[in-house]
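There are 2 protein chains.
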Amino acid sequence: MYASIITIGDELLIGQTIDTNSAWMAQELNKIGVWVKRRVAVGDSRKDIWQALDEESQSAQIILITGGLGPTADDITKPLLCDYFAGKMVVNEMVLEHVTAIFRRLNRPIIERNMKQAEVPDVCTVLMNKRGTAPGMLFRKGNCIYISMPGVPHEMKGIMTDEVLPLLKREYKMPFILHRTLLTAGVGESFIAEKISAWEEGLPSDIKLAYLPNYGMVRLRLTATGANKEQLDEQLDHLFAELHVLVKEWLIVAEDIPLEQALGNLLLSRKKTMATAESCSGGYIAHLITAIPGSSEYFKGTVVAYAYDVKEDVLGVQHSTLETKGAVSEETVTEMLNGLLQKTTADYGIATSGVMGPGGGTDDKPVGTVWVAVGSREKMIAKRLHFRFDRLKNIELTATNALLMLFQFIEGEQDK
Amino acid sequence: MYASIITIGDELLIGQTIDTNSAWMAQELNKIGVWVKRRVAVGDSRKDIWQALDEESQSAQIILITGGLGPTADDITKPLLCDYFAGKMVVNEMVLEHVTAIFRRLNRPIIERNMKQAEVPDVCTVLMNKRGTAPGMLFRKGNCIYISMPGVPHEMKGIMTDEVLPLLKREYKMPFILHRTLLTAGVGESFIAEKISAWEEGLPSDIKLAYLPNYGMVRLRLTATGANKEQLDEQLDHLFAELHVLVKEWLIVAEDIPLEQALGNLLLSRKKTMATAESCSGGYIAHLITAIPGSSEYFKGTVVAYAYDVKEDVLGVQHSTLETKGAVSEETVTEMLNGLLQKTTADYGIATSGVMGPGGGTDDKPVGTVWVAVGSREKMIAKRLHFRFDRLKNIELTATNALLMLFQFIEGEQDK
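In order, the protein sequences belong to chains P and V.
For the first sequence, position 277 (counting from the first letter as 1) is numbered 277 according to the UniProt record's numbering, and the numbering increases by one without interruption.
For the second sequence, position 292 (counting from the first letter as 1) is numbered 292 according to the UniProt record's numbering, and the numbering increases by one without interruption.
Careful, some of the hints might be misleading.
Because identical chains share one entry, a pair is satisfied inside a single copy or across any pair of copies.
[Claimed, not checked] Straight-line C-alpha distance at most 20 Å; calculated EDC-like pairs for lysine to aspartate or glutamate:
(1) K365 / E112
(2) K325 / D363
(3) K248 / E312
(4) K383 / E396
(5) K365 / D313
Derived by calculation from the structure, the hints in this document are not laboratory data.
Just need the whole structure built from these sequences, with the hints factored in.
Right, dumping it as structure tokens:
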């Protein structure tokens with residue numbers, strides 16, 4: 001069963017908006033056995049949208065469409081779909097009631113333009129949008145079903161969860177699409193490929209292996225598709241165990257979870273807590289950790305010491321250290337980490353200080369220079385790193401490397 | 001001049017990776033007058049990639065391709081392009097030297113698989129990749145040029161900047177594509193649309209207006225395309241000034257910059273500084289602010305007080321307040337803000353505390369309940385907010401609303 005996702009909106013084509021919807025939709029569709037074959041983004045142009053509808057129905061049976069359903073003049077999807085499926089616009093009483101109730105609740109005056117949201121083509125089935133005013137719509141033509149949803153992410157997610165996914169499960173007999181993913185660090189993808197090449201060549205033809213390098217780490221993903229879930233699971237588990245052994249020395253975690261969650265799970269299993277003292281990473285490490293549900297179990301908090309005075313006043317870094325060694329130095333990150341572990345009850349800590357760019361670089365500390373310290377009250381290690389990218393990427397790499405350092409530090413403690 | 005972007009990789013179709021490349025490419029292409037007409041994502045499938053190459057050349061003259069150039073078996077783009085353009089693989093000495101130098105610098109053994117990176121179809125022009133081992137490649141066929149680049153974002157960006165954009169500027173006479181964007185808060189898009197409907201209907205047909213709602217704010221974007229830059233600029237400036245007046249009461253900033261940058265600029269213009277005390281937002285506000293270059297000029301730092309003891313020990317929140325009022329209360333955020341402004345020399349501060357979910361909700365403080373305080377040593381205001389989304393979205397909304405509150409607080413001070 002193939003799906004295609006059409007996203008509509010000039011903002012996607014001029015780069016004003018990053019499309020996060022498609023990734024989420026693809027994940028959810030995968031879980032119920034639907035493979036997304038293509039994703040297409042087109043602008044707010046009648047001709048281009050029409051063409052995309054024609055084309056995508058050639059390669060997929062399920063066409064998911066997002067965007068262009070708002071109440072303003074640049075939103076042209078609904079009248080276009082009405083024409084495409086040869087319908088005429090009618091008021092849907094259920095939607096009208098829903099829209100009216102929303103405006104009543106918000107205590108905002110409802111205007112003609114909002115009432116228009118309740119008009120839908122008479123050839124569609126309405127998919128209720130509990131989280132907003134623009135309803136989802138389902139059309140059928142030939143062997144295909146077409147589902148149109150708003151582009152606002154949480155509204156799209158609501159309609160997908162409440163309506164679309166249950167409907168697809170009811171309507172089609174799907175195969176199972178199963179993945180197994182593991183995360184490695186400290187080695188390049190070609191080196192891994194070399195190490196596992198004999199094994200990779202021996203993989204059954206219906207099992208796909210993918211290499212996903214990012215932030216100096218490599219994720220390996222096995223994918224299997226088939227009708228018999230038990231058999232697929234067994235086959236994947238077996239191959240995954242083999243892979244596990246082959247890459248053992250670089251393995252971080254044998255699950256498809258981010259590094260910060262792997263670190264969180266490790267802390268939970270050891271009943272330990274952590275905190276961070278961030279200068280150059282500016283709170284990004286704290287954000288990564290606290291974005292994980294349940295992180296309050298093991299995360300105490302953070303001091304973002306961006307200014308010298310915060311480094312001194314809150315973390316107790318010596319003024320003389322900053323004067324003589326500079327903020328970006330082994331001494332400063334070590335004192336930051338010390339101060340953090342004195343100020344908080346956390347068992348482990350991370351401290352960062354660096355020059356993220358574009359300004360602030362010097363000859364001996366060029367843009368991209370970072371010092372990271374990790375450790376406990378008993379033992380600390382510090383490392384100088386150097387990244388060559390833009391500010392945001394340098395921040396992300398600092399965070400990932402710091403998380404990795406602490407992860408390996410804690411893992412290493414067990415081995416002793 | 002139309003472009004189409006083809007992104008290749010199963011990770012895009014199963015939702016494992018969010019495509020940020022396309023947005024960046026589109027922005028850069030727009031700046032030199034190239035309009036991206038479509039974006040297509042396809043999997044690691046020879047047939048699907050081939051079909052995409054055929055199709056996209058129907059609607060665009062510039063086809064940009066990313067992904068599938070790595071050294072592992074799932075990377076099939078290069079041999080496919082070689083066949084598509086009827087070439088044969090040859091070693092490129094310049095690339096070979098470059099790849100060898102990279103491995104020498106990293107002090108890693110170079111293997112056969114890495115040397116393969118230096119093989120390219122003899123019918124392509126090599127576009128050097130200074131940031132990695134996989135070279136960019138340019139092909140010509142009919143009226144189209146095809147440019148293939150690695151999917152790793154910073155490598156793609158390097159090739160685009162060093163090679164592709166200069167080449168396109170040399171090769172084509174482009175029109176100008178100009179945008180003007182402003183940001184409003186406090187009102188829905190349909191209300192704005194109503195207010196400006198007469199003006200919008202009177203817009204020249206070659207000027208497009210777009211409504212971009214997000215996080216409870218609405219961005220309005222005017223776009224003009226044409227050959228005479230001066231004339232376009234004049235026309236846009238005139239219309240933008242009219243729009244400015246029409247939405248004056250909700251206007252936050254008349255530039256296409258994020259809210260945190262508007263706040264930064266406001267602080268810079270007043271020569272003031274700020275800091276944050278974050279519980280539920282977990283450092284995300286600090287991250288947004290510090291991701292802006294030059295933020296160290298006005299940003300002092302942050303205490304992420306996730307645990308009770310950090311709220312007490314670092315920010316000086318009274319134990320009795322936490323006991324009697326709870327962490328999510330007006331009293332707690334106000335004490336957090338007070339503590340922050342005592343501990344640091346910042347002029348302004350933000351404090352947040354809330355229940356981000358999925359766990360932790362109670363009857364009187366359900367998931368999504370947030371208290372935000374903003375202000376100075378002289379004056380503070382606090383507000384209770386409620387969001388109904390998932391954890392990450394609740395964190396983002398907390399951050400955006402808190403930034404907006406502080407922005408309006410500081411703006412309001414001037415008015416008095």
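* Give me the numbers of the hints this structure contradicts, sorted from smallest to largest. => As far as the earlier hints go, 1, 3, 5 are violated by this structure, in ascending order.
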